[in-house]
Amino acid sequence: METWDAIRARRDIRRYTGEAIDRDDLERILEAGRRAPSSRNWQPWDFVVVTGRERLHGLSKVWRGAGHVADSAATIALIAPLPADERHRNWVQYDLGQATMSMLLAATDLGLGSAHAAVSDQSLARELLGFPEERFCAYLLAFGHPGDRALVPVREPDRRPFGDVVHWDRW
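Throughout, my numbering is defined as the position within the sequence shown, counted from one, plus 49.
Misleading hints may appear alongside valid ones.
To be verified - EDC-like cross-link-like pairs, simulated, lysine to aspartate or glutamate; straight-line CA separation at most 16 Å:
(1) K110 x D120
(2) K110 x D170
(3) K110 x D218
Everything labelled a hint here was simulated from the structure, so no lab data went into it.
All chains should be built: construct the whole structure from the sequences, respecting the hints.
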């Protein structure tokens, strides 16, 4: 898929077929995240890949909106250092956002569905994933083969009109 097509086709997919994802495809998605831009090349991320059904079910409970994680073929947890101050908190969120979008677009390019989830229960996430105390689980990215609709470029996206969003030279 071309980049522009992947951008237009990418959307949250929360229903999956149950088919496994090839290890090479998972590694390509992870490599996209690893190569993402990062403020001052900090690269504050670590990625934990979960494919075991029992652990995926557990992860689906770290946030009320993470139910789709239980049915994913794989979920990647984005782990980051606890920010020392407001500046680092902003940097880590921006950097994780870039890594997230890189991975979501890579998945779309491979024809895989994806959806993100927040993490509110850090204790449960730490118990399931085993990350150190000085780190936190920022997001979960669930992946799988789309179960309800193919990934094709959307002609009329449900977005604010271009003219309402874009301002040239001044507001």
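Verification of the hints:
For the given pair, K110 sits about 12 Å from D120 by alpha-carbon distance, which is consistent with the 16 Å threshold. Only pairs whose Cα atoms come within 16 Å are accepted, and K110 paired with D170 is accepted, the gap being roughly 8 Å. This hinted pair does not check out: K110 and D218 have alpha carbons roughly 46 Å apart, beyond 16 Å.
The structure fails to meet hint 3 from the earlier list, while all remaining hints are met.
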